[in-house]
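S.K.: Read off the chains here:
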Amino acid sequence: MQQGLRAEIRAVVAAADFEARCDSWMRGFDPAFSRKIAEHGWIGMTWPVRNGGGGRSNEERLVVTEELLRAGAPVAAHWTADRQIGPSVLRHGTDDLREEFLPAIMRAEVVVCLGLSETEAGSDLAAVRTRAVQVEGGWEITGAKIWTTAAHVATHAYVLARTGPPESRHDGLTEFLVDIGTPGLSVRPIRDLVGDHHFNEMILESAFVPDRRVLGAVGNGWTQVTEQLAFERGGVERYLSTYPLLVAAAEAGRRSPDRAVTERIGALAARLVSLRRMSLELARAIDRGEAPTRLAAELKLLGTLFEKDVVEVARYAFDVCGAEPGDLALLDDGLITIPSGSIRGGASEIMRTVIARQEASA
Amino acid sequence: MFNDDLRAIADDVLAGSTEADTDTLWMSVVALDWPLVGVPESSGGAGGDLADALELAAAAGRNASPIPLWETGLAAWVLASSGLGLEVLQRGGVAVVAPDQQVRLESSATGLRVVARVPAVTWLRPAGGVVLVLPSAGRVVALGPGDLGPASFSTNVADEPVGDLVLDCTAEQVADLDPALLPAFEARRALLRSAAILGAVERCCSMTLDHVRDRHQFGKPLIALQAVAHGLADMTLERRRLTSAVQEGLDRGSLGTALAARAVAGSSAGTVARIAHQLHGAMGITREHQLHFVTRRLWAWTDQDVTTRYAEEAVGRLVLAGSGDDELWALSTDGR
Chain P
1 MQQGLRAEIR
11 AVVAAADFEA
21 RCDSWMRGFD
31 PAFSRKIAEH
41 GWIGMTWPVR
51 NGGGGRSNEE
61 RLVVTEELLR
71 AGAPVAAHWT
81 ADRQIGPSVL
91 RHGTDDLREE
101 FLPAIMRAEV
111 VVCLGLSETE
121 AGSDLAAVRT
131 RAVQVEGGWE
141 ITGAKIWTTA
151 AHVATHAYVL
161 ARTGPPESRH
171 DGLTEFLVDI
181 GTPGLSVRPI
191 RDLVGDHHFN
201 EMILESAFVP
211 DRRVLGAVGN
221 GWTQVTEQLA
231 FERGGVERYL
241 STYPLLVAAA
251 EAGRRSPDRA
261 VTERIGALAA
271 RLVSLRRMSL
281 ELARAIDRGE
291 APTRLAAELK
301 LLGTLFEKDV
311 VEVARYAFDV
321 CGAEPGDLAL
331 LDDGLITIPS
341 GSIRGGASEI
351 MRTVIARQEA
361 SA
Chain R
1001 MFNDDLRAIA
1011 DDVLAGSTEA
1021 DTDTLWMSVV
1031 ALDWPLVGVP
1041 ESSGGAGGDL
1051 ADALELAAAA
1061 GRNASPIPLW
1071 ETGLAAWVLA
1081 SSGLGLEVLQ
1091 RGGVAVVAPD
1101 QQVRLESSAT
1111 GLRVVARVPA
1121 VTWLRPAGGV
1131 VLVLPSAGRV
1141 VALGPGDLGP
1151 ASFSTNVADE
1161 PVGDLVLDCT
1171 AEQVADLDPA
1181 LLPAFEARRA
1191 LLRSAAILGA
1201 VERCCSMTLD
1211 HVRDRHQFGK
1221 PLIALQAVAH
1231 GLADMTLERR
1241 RLTSAVQEGL
1251 DRGSLGTALA
1261 ARAVAGSSAG
1271 TVARIAHQLH
1281 GAMGITREHQ
1291 LHFVTRRLWA
1301 WTDQDVTTRY
1311 AEEAVGRLVL
1321 AGSGDDELWA
1331 LSTDGR
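Protein sequences, first through last, are from chains P and R.
Read left to right, the first sequence gives residues 1 to 362 (the numbering used here).
Read left to right, the second sequence gives residues 1001 to 1336 (the numbering used here).
Derived from the structure by calculation, the hints contain no laboratory data.
Glycine residues also receive a C-beta, built at the ideal position from the N, C-alpha and C atoms.
Be a bit skeptical, because a hint or two may be false.
[Claimed, not checked] Sample of chain R residues with no beta-carbon within 10 Å of chain P, all distances over it, derived:
#, residue
1, 1084
2, 1139
3, 1230
4, 1300
[To be verified] Below, a sample of chain R positions facing chain P; criterion: calculated Cβ distance under 7 Å:
#, residue
5, 1240
6, 1245
7, 1248
8, 1263
9, 1264
10, 1312
11, 1313
12, 1328
Put together the whole structure using the sequences plus the hints.
M.R.: Here you go:
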């Protein structure tokens, strides 16, 4: 499928200078590479032509994203904007907001970080306490966001804030797009378990946001963010984060054939066929204008279980078949990816709850 | 799922299969021509495509129907693909691939003498037919009930008949085996078995959902307990990934995608049976409860036709055959 498009992407990937790594959509930050992707029209490629988008299908976008992650390419600089903020602006934004953001995202000039979680609002997102108060010409936002990946390199922050009364839960939330340089907005690093810096705390102290930067309707944030999460959860990054490691494990199994390793690689490959099919179904559902929240939750949960097993099989394969230089570093890369996989974008427990609830009401 | 109209009708006809008299049940599916679905009408079949055959296999699994419905269709497909008539399958039958050491062929003045001993053939019955696929000899042989010698019959854990095929007869219906037929047969069988497993998985999910909604403990329905709800979610996840795997095997048919579906099916079968029983509690392990009709099938089918391990290894060999991740990527995405 899409052999021409695939060939084009592979040529761009082959010409770029980077080292394949796990989790490249989160850890591989390279604005120059993202601009290259933008030049080929692969950011915002599914957005309507009348909005300056590429007017292509989500099935085609699937081909682009999977080829990029297959290569372990550094796509973090544009990933979030392309995946969920652009589509959200497209669905809910005013014409002004679309004109301001969509072309800039497509040129890879916008790096967005997601201000969702707070210290008291993790899995329970409706407990968000960051407040936005209406002032002349806009809003003043005060609060603290946490686990904000890439805030230190972002140009813009997406912020989910409470505009209703403190106890309004799902009903009183609103989405904003905030310039990262806004006075009153500051970013503090949080090092991850190996000392890498991608997480941040983002503090907002009466940070002013003009009215035109409200995304969608005031008070409609919960509905909008739930849809957005279908985009966030339903992508190929939920099962291809450890793909470079799977390939290395397969290479080991090829160098030094072993029946049990062959079986384990085969079992993973079979699961990959199924996950990829789910991705395709998701892309088609989005092309039909649906927000497939259940399928996205299922793909995320099954995908992160798969990624975890890739690491275990790779460990086994390197032991039985021997490791080449670089293999063990890649294994470590995979190992440190695994704990976050089943938390970010919605913890597995939340996914199971979402799925069980929908099963019971089906 | 593969053919929604047929699904509804099949569930209607096969409902209550576990209590039905098997002869009556067989007559009713024969009256509908279902055992020959997926075989061209020009060859004496009922027409319909692989999607229809998969839908029937899933329905047979979902309703735990104790008849060789899709097994007969598969045997008929082999006969039709080899240019042979379907007469031997009037009371149902199976196709078996027999290795060299189990079969001896001798040309004689009266025809081809077949001497064979093939152990543990599922759905071998005195009244049924057998289609022998002989890769080394390059032959396909159709055998009717009258050709079968004395055999010992038993049952598997799902109460399906299993017999040792013992033969010494002159075969009248013999054809050359098209070399391309063998992988196509293996793929078709793997996909049909996966669909049957999917059907049984679906039934486990629906029975478990009903149970955890109806049964109250601690003053509330079981499903209100998060651990229970998450067990249910895990079952439906297996259903989802198996559905996707079978759909991919159907839409992007190849030996690789079919065996991938079969590997997923074998792994899902065990998980689903385990959780279904756990959530049903002691009631689920009684003879009286219906759950065992589907879970015993899942246990039996995990390693039937081919073992799940075999399917995993075969997929593994396939993806390790190329260089880099060429074959792995082609198998999973169709992107060469």
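S.K.: A separate judgement is required for each hint: does it hold in the structure or not?
M.R.: Each hint, compared with the structure:
{"no.": "1", "hint": "1084", "in the structure": "33 Å, holds"}
{"no.": "2", "hint": "1139", "in the structure": "31 Å, holds"}
{"no.": "3", "hint": "1230", "in the structure": "4 Å, violated"}
{"no.": "4", "hint": "1300", "in the structure": "21 Å, holds"}
{"no.": "5", "hint": "1240", "in the structure": "5 Å, holds"}
{"no.": "6", "hint": "1245", "in the structure": "4 Å, holds"}
{"no.": "7", "hint": "1248", "in the structure": "4 Å, holds"}
{"no.": "8", "hint": "1263", "in the structure": "4 Å, holds"}
{"no.": "9", "hint": "1264", "in the structure": "5 Å, holds"}
{"no.": "10", "hint": "1312", "in the structure": "4 Å, holds"}
{"no.": "11", "hint": "1313", "in the structure": "5 Å, holds"}
{"no.": "12", "hint": "1328", "in the structure": "6 Å, holds"}
The structure shown violates just one earlier hint, number 3.
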